[in-house]
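Enquirer: Based on the sequences and whatever the hints tell you, model everything.
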Amino acid sequence: MTVMRSRGVRVAAAAATLTALLLGAGCASDDDGTPSGGSSAGGGGSIKEGLSVAFLPKQVNNPYFTVADNGGKAAVQEFKGEYKEVGPSEASASSQVSYLNTLTQQGSDVIVVSANDPNAICGAVNQARQGGAKVVTFDSDTNPDCRDLFVNQVTGQGIAENQVKLISDAIGGQGKIAILSATANATNQNAWIELMKAELKKPEYSGIQLVATVYGDDKDEKSFQETQGLLSAHPDLKGIVSPTTVGVAAAARYLSGSRYKGKVALTGLGTPNQMREFVKNGTVQSFALWNPADLGYLAAYAGAALASGMITGKEGDTFTAGKLGEYTVGADGVVVLGPPTVFDASNIDQFDF
Amino acid sequence: MAPERTGRPARWVSTFGTWDVLVIVVLAVVVIGASVLVEGFATARFWGFLLLDVVPIALIALPMTLVVITGEIDLSVASTLGLASAVLGQLWVTGLPLALTVPLVVLLGALLGAVNGLFVAGFGLPSLAVTIGTLALYRGLAYVVLGDRAVADFPIGWTGKSIEALPGTTVPWVVVPLAVLAIGFGVLLHATPIGRGLYAMGNNDQAATFAGIAVARTKFWLLVVTGAVAALAGVFWTMRYASARADNGAGLELSVVAAVLLGGVSIFGGRGTLMGVLAGVLLLMTLRNALQLADVPADTLTVVTGTLLIISVVGPNAAGMLRARMRRRRPAAPPVAGADGA
Chain V
1 MTVMRSRGVR VAAAAATLTA LLLGAGCASD DDGTPSGGSS AGGGGSIKEG
51 LSVAFLPKQV NNPYFTVADN GGKAAVQEFK GEYKEVGPSE ASASSQVSYL
101 NTLTQQGSDV IVVSANDPNA ICGAVNQARQ GGAKVVTFDS DTNPDCRDLF
151 VNQVTGQGIA ENQVKLISDA IGGQGKIAIL SATANATNQN AWIELMKAEL
201 KKPEYSGIQL VATVYGDDKD EKSFQETQGL LSAHPDLKGI VSPTTVGVAA
251 AARYLSGSRY KGKVALTGLG TPNQMREFVK NGTVQSFALW NPADLGYLAA
301 YAGAALASGM ITGKEGDTFT AGKLGEYTVG ADGVVVLGPP TVFDASNIDQ
351 FDF
Chain R
1 MAPERTGRPA RWVSTFGTWD VLVIVVLAVV VIGASVLVEG FATARFWGFL
51 LLDVVPIALI ALPMTLVVIT GEIDLSVAST LGLASAVLGQ LWVTGLPLAL
101 TVPLVVLLGA LLGAVNGLFV AGFGLPSLAV TIGTLALYRG LAYVVLGDRA
151 VADFPIGWTG KSIEALPGTT VPWVVVPLAV LAIGFGVLLH ATPIGRGLYA
201 MGNNDQAATF AGIAVARTKF WLLVVTGAVA ALAGVFWTMR YASARADNGA
251 GLELSVVAAV LLGGVSIFGG RGTLMGVLAG VLLLMTLRNA LQLADVPADT
301 LTVVTGTLLI ISVVGPNAAG MLRARMRRRR PAAPPVAGAD GA
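Protein sequences appear in the order of chains V and R. Numbering of the first sequence is given in the numbering used here, commencing with residue 1 and proceeding in unit increments. Numbering of the second sequence is given in the numbering used here, commencing with residue 1 and proceeding in unit increments.
Bear in mind the hints are in silico, worked out from the structure with no lab data behind them. Be a bit skeptical, because a hint or two may be false.
[Unchecked claim] Derived contacts from chain V toward chain R, CB cut-off under 10 angstroms, selection only:
| # | residue |
| --- | --- |
| 1 | 61 |
| 2 | 88 |
| 3 | 92 |
| 4 | 97 |
| 5 | 98 |
| 6 | 105 |
| 7 | 109 |
| 8 | 127 |
| 9 | 183 |
| 10 | 209 |
| 11 | 210 |
| 12 | 224 |
| 13 | 228 |
| 14 | 231 |
[Unchecked claim] Below, a list of computed lysine to any residue pairs in the SDA-like style, where the Cα atoms sit at most 25 angstroms apart:
| # | chain 1 | residue 1 | chain 2 | residue 2 |
| --- | --- | --- | --- | --- |
| 15 | V | 222 | R | 147 |
| 16 | V | 219 | R | 300 |
| 17 | V | 84 | R | 318 |
| 18 | V | 176 | V | 143 |
| 19 | V | 197 | V | 212 |
[Said to hold, decoys possible] Computed, partial: chain R to chain V, Cβ under 7 angstroms:
| # | residue |
| --- | --- |
| 20 | 46 |
| 21 | 205 |
| 22 | 213 |
| 23 | 242 |
| 24 | 243 |
| 25 | 292 |
| 26 | 298 |
| 27 | 299 |
By construction, the Cβ of each residue, glycine as well, lies at the ideal position given by its N, Cα and C atoms.
Expert: Now the structure itself:
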């Protein structure tokens, strides 16, 4: 497995070395016998070569996870591991279990998973860990006691503040709004919605009234229909917040083709590539997102640091995640990527994901 | 499967006996092929995981086989599973002990089956239409019960137990009750007058009625049993995934029907064996899990499952038509021409 198999691996090795040099993080620690000049990622010790890292998104062919997983792939290439992505075609709770079982059988070193349900996959995660894998959740967590680390895109508070601010700006601080969410059980979505409700209670948002929360199940068609339903049920709706990439794109598509275009404001969490045309045609003023590629990248490094014995995942552990720099593990084994980026007409063309 | 005991001409038994045998042969080929080609397939661990995936589908496929043989279908099974799961979760939250909740939930499943039975057997409505309706209705009710919540704090004694293996093996213990039920359904279908009646009404409802078979009553109770078994599968599902959710098992009815048809049961009723169906379930799931182990993407898996389903519907019918055409060329044998119904 560790045999240099292809030119690609060697190129990646060279790239990793170069990256290490550029970062000045080349603190070569030869105590584990790896040749110096290999991937040295700071922290206590260095990342082992040839780690098998598997990404298990909520669903394959979801643009968001494709970008996130590709970020992970880039990280895995940097530390000369073996990357693969597997996953179900539908984002259901139990469908991930058989994939986890498969990865357990294949003896993966690191499994990076975004959980469709915080509990349904715990049994399988435990089996994977008993089989020797380190399990890092990203984007959507499991119960904290069943995984090793959770790489959180941003704090829920950060999302809630950002989303409420954006919709308030878009509707001028007055009127009825609704939320278009993903599946009704999505851990992160529900946490954010609760925090948004709390945020809306602040005096500066007293003119805003949340009238409905609907679920598009992260399916384009369902999200489209739910948007349609929202507008017929609440003709005086001023704005929609959709903190999910599938939902916000479907809602934007509906609005831009309807008489509500420009009248009903829309914001949410979306990718620049999906939202570009709607920002340019005036359907959407601004929206936000963290960089999912960075999220996957950080999760891969976190998993590799665990699998290399550099960290154990306890609070206060620090590790270096390549180009992103140093991260510290917080309470409950959570690593936070950083604040979200706001995209609007002025900056959207600088991003391609 | 003994042909002489079914009391029907041995001709169709041998005809569709061959489809069963074909499925079993294909299953053997897949197992041998995958053992050689797919790393990690020929391991006890793989089969342990596989059997856990097989159990809910096989469980529901047992009564479904009988239902389809009578010429009916029950598409509401996965929604019954979901509603059972949701109610189980809700009752657990309310504080009822599981030992009491589980029988209650199975009873609920029987009740849901009875609603199907009432419309199908009582009012004589087509089961396809009725159970598409209850598919939506029961899933909707599941969301009414549990909404967007997931109940997950079940005692580890139950959740751990659900995936426990038989001592010294990786074979999950739940396979044992499944096997007992399979034998029960097998005997009922292949060795009792009731079973013969099921084939008879699948071939021709009216003729069966004239022959003194209680068609409506039998169909009613079959759907009741199907509901109860689907709810039982819901209990297993909830414990295995340690999560009671309204969307549990969504879409599972298609896997069950696919397995039943793949196992050689005619969608028009009147034909099929339980052995074939069990081989069908195993074939479907083995293929799926083996491809997954070989890192075949999920979309391709869906395509493979769909193709198998088409083959399983077209295969026996094409074979039947071919035989009928060959028979027509031979002038003799007028008495069997109408009995085939294909």
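Enquirer: Hint by hint, say whether it matches the structure.
Expert: Hint by hint, here is what the structure shows:
Against a cut-off of 10 angstroms between C-beta atoms, the interface hint on residue 61(V) holds, since the closest Cβ of chain R lies about 7 angstroms away. Interface restraint check: residue 88(V) against chain R, minimum CB-CB distance 5 angstroms, threshold 10 angstroms, status holds. Taking 10 angstroms as the C-beta cut-off, the interface hint given for residue 92(V) holds, the closest approach to chain R being about 6 angstroms. Taking 10 angstroms as the C-beta contact cut-off toward chain R, the hint placing residue 97(V) at the interface holds, the least distance being around 7 angstroms.
With its C-beta approaching chain R no nearer than about 6 angstroms, residue 98(V) sits inside the 10 angstroms limit, and its interface hint holds. At its closest, the beta carbon of residue 105(V) sits 5 angstroms from a beta carbon of chain R; the interface hint therefore holds under the 10 angstroms criterion. This hint is violated: residue 109(V) has a C-beta 15 angstroms from the nearest C-beta of chain R, more than the 10 angstroms allowed. Interface hint at residue 127(V): satisfied, since its Cβ lies 9 angstroms from the closest Cβ of chain R, which is below the 10 angstroms cut-off.
Annotation: interface hint on residue 183(V) holds; nearest CB of chain R at approximately 8 angstroms, less than 10 angstroms. Below 10 angstroms, beta-carbon pairs count as interface contacts, and residue 209(V) has none with chain R, the closest being about 21 angstroms; its hint is therefore violated. The interface hint given for residue 210(V) is broken, as the beta carbon of that residue sits about 16 angstroms from the closest beta carbon of chain R, more than 10 angstroms. About 20 angstroms separates the beta-carbon of residue 224(V) from the nearest beta-carbon of chain R, more than 10 angstroms, and the hint is not met.
Contact between residue 228(V) and chain R, as hinted, is not supported at the beta carbon level, the nearest pair being about 19 angstroms apart and thus beyond 10 angstroms. Using the Cβ-Cβ criterion of 10 angstroms, the hint placing residue 231(V) at the interface with chain R is not satisfied: the shortest such distance is roughly 22 angstroms. The straight-line distance between the Cα atoms of residue 222(V) and residue 147(R) is roughly 17 angstroms, inside the 25 angstroms bound, and the hint therefore holds. Distance hint between residue 219(V) and residue 300(R) is fulfilled; the C-alpha atoms sit about 20 angstroms from each other, no more than 25 angstroms.
Between residue 84(V) and residue 318(R) the alpha-carbon distance is near 42 angstroms, which puts this suggested pair outside the 25 angstroms criterion. Between the alpha carbons of residue 176(V) and residue 143(V) the distance comes to roughly 35 angstroms, so the proposed pair goes past 25 angstroms and is violated. With a C-alpha separation of about 11 angstroms, the suggested pair residue 197(V) and residue 212(V) falls inside the 25 angstroms cut-off, and the hint holds. Because the smallest distance between the Cβ of residue 46(R) and any Cβ of chain V comes to about 6 angstroms, under 7 angstroms, the interface hint for this residue holds.
The interface hint given for residue 205(R) is broken, as the beta carbon of that residue sits about 38 angstroms from the closest beta carbon of chain V, more than 7 angstroms. A least Cβ separation of about 40 angstroms between residue 213(R) and chain V goes past the 7 angstroms threshold, and the interface hint is therefore violated. For residue 242(R), the interface hint holds, since its Cβ comes within 7 angstroms of a Cβ in chain V; the closest pair sits about 5 angstroms apart. Because the beta carbon of residue 243(R) sits about 4 angstroms from the nearest beta carbon in chain V, less than 7 angstroms, this interface hint is met.
Because the smallest distance between the Cβ of residue 292(R) and any Cβ of chain V comes to about 5 angstroms, under 7 angstroms, the interface hint for this residue holds. The beta carbon of residue 298(R) comes within 4 angstroms of a beta carbon in chain V, closer than 7 angstroms, and the hint placing it at the interface holds. A least Cβ separation of about 5 angstroms between residue 299(R) and chain V falls short of the 7 angstroms threshold, and the interface hint therefore holds.
Figure legend: structure checked against the earlier numbered hints; hints not met, in rising order: 7, 10, 11, 12, 13, 14, 17, 18, 21, 22.
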